[in-house]
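Q: Just so you know, the sequences run in chain order A and B. The first sequence begins at 186 in this note's numbering and counts up one residue at a time. The second sequence begins at 4 in this note's numbering and counts up one residue at a time.
For the record, the hints were derived by calculation from the structure and aren't laboratory data. For each residue, glycine too, the CB sits at the ideal point set by N, CA and C. Misleading hints may appear alongside valid ones.
[Stated by the list, open to error] Simulated restraints, written as ranges between beta carbons of each label pair:
#  : chain 1 : residue 1 : chain 2 : residue 2 : range
1  : A       : I557      : B       : Y399      : 23 to 31 angstroms
2  : B       : E430      : A       : I557      : 22 to 30 angstroms
3  : B       : D157      : A       : A625      : 29 to 37 angstroms
4  : B       : K416      : A       : D477      : 52 to 60 angstroms
5  : A       : G382      : B       : Q238      : 22 to 30 angstroms
6  : A       : K690      : B       : E430      : 57 to 65 angstroms
7  : A       : L460      : B       : D55       : 32 to 40 angstroms
8  : A       : P297      : B       : Q349      : 42 to 50 angstroms
9  : A       : A533      : B       : D55       : 29 to 37 angstroms
10 : B       : E430      : A       : V731      : 20 to 28 angstroms
11 : B       : D157      : A       : E695      : 34 to 42 angstroms
12 : A       : G683      : B       : E430      : 30 to 38 angstroms
13 : A       : G543      : B       : Q238      : 36 to 44 angstroms
14 : B       : N265      : A       : L712      : 55 to 63 angstroms
[To be verified] Heads up, incomplete: computed chain B residues facing chain A, CB under 7 angstroms, no partners named:
#  : residue
15 : L65
16 : R186
17 : Q189
18 : D418
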Amino acid sequence: MKKTLLKASVLGLLLTGLIVNNSLWAQSDPSGKKRVTSQYAITNATVFTAPGKAGTKATVLIKDGVIQGVGASLNLPKEAQVIAGDSLFIYPGFITGGTDAGITRPADPERPQDFDSSKPGDEFAGITPWRSATDQFSGAASQVEDLRKAGFTIAQIVPDGGMIAGKSAIVLLGSEYSTNVLKSNTALAASFRGARGMYPGTAVGVMAKFRDIYQNTKLTQKNSGLFQSTSGVSRPEVTPTYDAMMEVIDGQIPVMYTATSELEVRRALALQKELGFKLILTGLDDYATVVDVIKAANVPVLISLEVPDDKAIKAQKDDASESAKAQYSRVKEAYENALKQAALLEDAGVAFGFTTVGVKAGDVMKAINTMIENGLSEDAALAALTTNTASILGISRIAGTIEKGKLANMVISTDSLFAEDSQIKHVVVDGYIFDYETKAKKKKGSSDVSATGDVKVAGTWDYTSETPAGSSGGVLEIVKDGSDYTGSITLDDPSGSGKIKSDIKDVSLEGKTLSFKFDVAAGGMNLTVSVSGEVEGESFDGTMSVAQFGSFPFKATLNPTLIATK
Amino acid sequence: MKKINYFLAALMGLSFSFASAQTPKGSVLIKNATVLTVTKGTLENSDVLVQDGIIKKVGQNLSAPSGVETIDATGKYLIPGIIDAHSHVALDVVNEATAPIVAEVRMRDVVNPFEVGIYRALAGGVTISHAMHGSANVVGGQNVTLKHRWGAEDPAGIIMQDAPRTIKFALGENPTRVHGRGRGIQPRTRMGVEAILRNGFNEALQYKKAWEEYNAAASQKGNTTLAPEYDERLQTLVDILDGKIIIHCHSYRADEIYMLINVARDFGITKLVFQHTNEGFKVAPEIAEYTMGASVFADWWAYKFEVYYSTAFNAAILQKNGAITSINSDSAELIRHLYHEAAKTQRYGGMTDDEALSMITINPAKQLGISDKVGSIEVGKQADLVIFEGHPLSVYAVPQQTYVDGIKYFDIKEDADDQRLRVSPTEMVEPIYMTQEDHRCLQDVELSFSDISKSLFNTNY
Chain A
186 MKKTLLKASV
196 LGLLLTGLIV
206 NNSLWAQSDP
216 SGKKRVTSQY
226 AITNATVFTA
236 PGKAGTKATV
246 LIKDGVIQGV
256 GASLNLPKEA
266 QVIAGDSLFI
276 YPGFITGGTD
286 AGITRPADPE
296 RPQDFDSSKP
306 GDEFAGITPW
316 RSATDQFSGA
326 ASQVEDLRKA
336 GFTIAQIVPD
346 GGMIAGKSAI
356 VLLGSEYSTN
366 VLKSNTALAA
376 SFRGARGMYP
386 GTAVGVMAKF
396 RDIYQNTKLT
406 QKNSGLFQST
416 SGVSRPEVTP
426 TYDAMMEVID
436 GQIPVMYTAT
446 SELEVRRALA
456 LQKELGFKLI
466 LTGLDDYATV
476 VDVIKAANVP
486 VLISLEVPDD
496 KAIKAQKDDA
506 SESAKAQYSR
516 VKEAYENALK
526 QAALLEDAGV
536 AFGFTTVGVK
546 AGDVMKAINT
556 MIENGLSEDA
566 ALAALTTNTA
576 SILGISRIAG
586 TIEKGKLANM
596 VISTDSLFAE
606 DSQIKHVVVD
616 GYIFDYETKA
626 KKKKGSSDVS
636 ATGDVKVAGT
646 WDYTSETPAG
656 SSGGVLEIVK
666 DGSDYTGSIT
676 LDDPSGSGKI
686 KSDIKDVSLE
696 GKTLSFKFDV
706 AAGGMNLTVS
716 VSGEVEGESF
726 DGTMSVAQFG
736 SFPFKATLNP
746 TLIATK
Chain B
4 MKKINYFLAA
14 LMGLSFSFAS
24 AQTPKGSVLI
34 KNATVLTVTK
44 GTLENSDVLV
54 QDGIIKKVGQ
64 NLSAPSGVET
74 IDATGKYLIP
84 GIIDAHSHVA
94 LDVVNEATAP
104 IVAEVRMRDV
114 VNPFEVGIYR
124 ALAGGVTISH
134 AMHGSANVVG
144 GQNVTLKHRW
154 GAEDPAGIIM
164 QDAPRTIKFA
174 LGENPTRVHG
184 RGRGIQPRTR
194 MGVEAILRNG
204 FNEALQYKKA
214 WEEYNAAASQ
224 KGNTTLAPEY
234 DERLQTLVDI
244 LDGKIIIHCH
254 SYRADEIYML
264 INVARDFGIT
274 KLVFQHTNEG
284 FKVAPEIAEY
294 TMGASVFADW
304 WAYKFEVYYS
314 TAFNAAILQK
324 NGAITSINSD
334 SAELIRHLYH
344 EAAKTQRYGG
354 MTDDEALSMI
364 TINPAKQLGI
374 SDKVGSIEVG
384 KQADLVIFEG
394 HPLSVYAVPQ
404 QTYVDGIKYF
414 DIKEDADDQR
424 LRVSPTEMVE
434 PIYMTQEDHR
444 CLQDVELSFS
454 DISKSLFNTN
464 Y
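Take these sequences, add in the hints, and give me the full structure.
A: This is the structure in structure tokens:
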């Protein structure tokens with residue numbers, strides 16, 4: 186606990202430093218980073234103020250992070266910087282429920298000599314309700330930038346940890362010079378994850394331990410009350426765990442239970458029914474069969490944006506036996522049902538939001554479009570990205586729609602949001618405008634084919650990549666194999682020194698866009714790295730992304746071949 | 004869903020009653036069967052009438068009330084649903100192996116009603132299984148008694164809610180290996196196991212006293228006593244001492260069995276059943292006098308050191324000494340033919356048909372505390388029934404239909420190739436393992452199992 190306090194005060198000092206810096210810039214800004222103005226007018230854009238509302242041509246005026254007005258005939262103050270929005274589409278800024286972007290798990294404490302795995306201290310067992318996500322969060326992390334680039338303006342950050350990881354917080358994905366904290370202490374993050382090699386080690390132990398903690402928090406509260414009101418009472422023992430759980434048993438904050446499967450959903454609901462806490466279900470992956478249960482429980486839900494992969498479907502063979510085909514059809518049915526789940530929730534009238542845990546920010550729109558193709562309405566998708574999550578997080582008064590008085594959080598795109606080829610051009614967070622490069626729409630038709638013909642990717646490439654661990658590089662070899670490509674890549678061995686070689690897979694070249702994947706074993710995990718980017722002559726400019734770790738620049742140049750092409 | 008259920012109910016002549024959403028109950032008349040009641044002898048050419056999940060009449064020339072389906076079982080045998088007193092089917096987690104006592108853990112929290120093992124058990128005539136915690140701990144978690152209502156979506160729907168609480172204990176090699184050798188904590192020896200038990204119960208007595216004192220003080224004016232810490236682990240041990248929970252103890256050796264009998268006697272515990280009990284034959288009179296008997300394998304042993312001194316006559320010896328004796332599976336495979344396992348007591352020990360059948364019906368029911376509700380074909384009992392082609396103790400026996408609460412959950416004529424309730428969207432063919440699950444009841448048995456599968460599927464003879 187002492188350490189936590191110390192950390193908090195160090196953080197406090199840092200923040201004070203930043204504020205002082207800010208006020209210094211107010212007088213003079215040798216760094217050149219100070220904004221010219223904090224007033225902007227995005228004029229004559231197609232504005233969608235809220236899910237379900239039709240887009241209308243309007244101007245949005247913002248000042249100091251607050252929306253000043255939305256309308257066709259606003260008086261624009263001369264200080265306002267004007268952004269011509271004639272061809273642009275404005276939507277409320279997206280909000281993600283539970284996310285792990287920018288979160289670093291704190292190091293495990295060192296075990297004492299006499300450590301007893303049958304009764305470990307709470308901190309060892311993953312029971313750390315006193316921890317706050319704000320202590321584990323870095324707004325400068327590349328995953329945070331990725332999330333913002335995907336249109337997210339507010340995130341509920343969730344601490345990483347065990348069965349009771351700590352308290353989540355709500356932050357803006359805004360200026361690097363702000364703490365960006367909207368609300369700390371918004372929900373208790375809980376899961377069925379057991380502690381490794383100690384009690385409680387499994388979901389069944391976790392459930393028993395959760396009951397134990399809950400009941401003892403109640404008793405501690407009762408005992409503390411008696412101690413406060415009556416003399417002659419022994420001092421009750423208040424542990425950091427029970428102290429931090431008080432808000433939960435009082436119903437001030439909900440428990441946010443990660444429940445990925447239908448049975449976990451039922452287990453979390455059963456615990457809630459038994460103990461009576463407020464509940465948010467998060468991380469739902471497989472819930473088609475419990476939609477009516479969720480509806481009946483009237484509990485807020487944050488569904489996962491991980492769409493099941495179609496490998497099993499694609500692996501189905503035409504020449505299989507009848508019984509195998511019968512099994513294929515069941516897998517296909519299960520797959521199709523999994524894609525329809527979000528639509529089923531909408532049909533049942535459940536106002537769900539999204540969690541972005543376990544998904545790459547760049548894949549969010551693809552996942553949502555898959556849900557839309559499978560029956561989810563665009564309005565419900567937008568509501569899940571904005572108003573529903575705002576309501577689940579208790580921030581509807583300040584976020585979720587484009588209205589006078591709300592936070593200036595917006596997504597500005599080149600086309601209507603869910604249209605194919607729509608790209609995000611600006612994201613406005615807390616009144617700060619973040620600009621993103623947009624590319625001209627892909628040309629379709631015969632010219633495309635000839636373009637592919639011109640692009641040469643086969644050969645040996647030297648590449649460099651930039652990650653938080655530093656810059657690294659190696660050799661990428663691409664071999665043309667009929668109409669497909671194969672090859673390999675060398676990279677720094679994650680488990681030591683030297684280089685390792687890995688085969689690349691799923692190599693595709695569409696137009697000038699080259700993408701491929703490769704697997705790396707690191708720290709006991711098998712990571713799939715995806716690389717995608719554009720080939721321009723003999724140079725390749727792209728990004729390399731790893732689920733949960735964010736995306737990083739990846740550049741390569743093609744070595745001249747010494748073999749004469751026929 | 005509900006609407007569809009009502010629609011189906013109407014279609015099927017209202018033979019289903021959905022009065023209670025969690026436990027559907029059915030009505031049926033089974034005619035002209037050889038009824039093996041187990042407790043009331045064998046009735047030739049007899050009928051059993053089931054209404055709303057309860058056996059209403061057993062006799063001849065019964066007629067079906069309107070709307071009740073009649074099943075002709077001429078030439079077939081009808082027996083009470085088979086009860087497996089030791090199983091781990093339909094559990095997502097089996098062992099919370101991390102502490103010597105984990106009495107607070109509840110297996111009912113992790114019941115998985117979609118596990119296809121339930122259907123396979125039904126196909127073997129098993130209607131009730133005792134889903135147990137593993138044997139890594141001296142005092143394991145609280146078990147759950149399941150009724151195989153295949154198709155229930157809610158885990159609560161397959162739990163036998165009117166069964167009493169039971170708990171897993173374990174002696175000998177498993178808890179000493181996991182805790183003593185594995186983690187360097189007590190118990191390292193059989194003496195340590197006994198110490199864990201005696202200390203645990205003594206702590207439970209102190210815990211009970213602390214709460215009794217607090218409750219008495221708290222009701223007084225001007226109370227200055229703080230509430231003691233809540234501890235479901237100790238509270239569960241208190242409930243055992245108060246006779247509210249039946250102990251089911253994993254055990255092999257005669258000395259450890261006799262040790263637990265003495266501990267139980269010292270603490271006034273009478274609700275005690277031994278599981279596995281391979282050396283039970285050495286202490287059969289003691290088991291008969293002081294406990295609710297033993298639940299054993301028909302002929303399975305030598306899979307580890309403490310199981311070498313064994314005999315296939317174990318069940319018969321226990322039975323003849325007056326111990327309540329049942330034959331269990333502890334296996335997803337054996338659960339499919341427990342009737343054959345029971346028949347082995349006729350080969351090894353000369354049990355009568357009723358004695359052999361009682362080892363998989365009324366005796367396990369007694370050991371689970373549910374013999375007033377199930378375990379035999381008697382008027383007033385729950386209608387868990389199995390129709391067999393061939394006598395169930397014959398090697399030619401094949402279960403035809405299995406009923407739970409009067410509802411048919413298995414019919415060999417409607418048995419599809421793929422009976423799974425849930426299919427993964429991302430897994431092409433779900434892997435089939437011929438090895439035992441890791442519940443540590445049968446340590447190192449994987450090896451012998453894979454040998455069996457080799458000889459089963461790669462036959463070269």
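Q: Indicate, hint by hint, whether the structure satisfies it.
A: Checked hints:
1. A/I557 / B/Y399: 23 to 31 angstroms: 58 angstroms, violated
2. B/E430 / A/I557: 22 to 30 angstroms: 26 angstroms, holds
3. B/D157 / A/A625: 29 to 37 angstroms: 54 angstroms, violated
4. B/K416 / A/D477: 52 to 60 angstroms: 32 angstroms, violated
5. A/G382 / B/Q238: 22 to 30 angstroms: Roughly 27 angstroms apart at Cβ, these two residues keep to the hinted range, so it holds.
6. A/K690 / B/E430: 57 to 65 angstroms: At 20 angstroms between Cβs, range violated.
7. A/L460 / B/D55: 32 to 40 angstroms: 35 angstroms, holds
8. A/P297 / B/Q349: 42 to 50 angstroms: 59 angstroms Cβ-Cβ, so the 42 to 50 angstroms window is violated.
9. A/A533 / B/D55: 29 to 37 angstroms: Between A/A533 and B/D55, where Cβ atoms are some 32 angstroms apart, the hint holds.
10. B/E430 / A/V731: 20 to 28 angstroms: The hinted range 20 to 28 angstroms holds for B/E430 and A/V731, with Cβ atoms some 24 angstroms apart.
11. B/D157 / A/E695: 34 to 42 angstroms: 47 angstroms, violated
12. A/G683 / B/E430: 30 to 38 angstroms: 36 angstroms, holds
13. A/G543 / B/Q238: 36 to 44 angstroms: 38 angstroms, holds
14. B/N265 / A/L712: 55 to 63 angstroms: 57 angstroms, holds
15. L65: 40 angstroms, violated
16. R186: 5 angstroms, holds
17. Q189: Cβ of B/Q189 sits 9 angstroms from chain A, so the hint is violated.
18. D418: Violated - the Cβ of B/D418 stays beyond 7 angstroms from chain A, reaching only about 14 angstroms at its closest.
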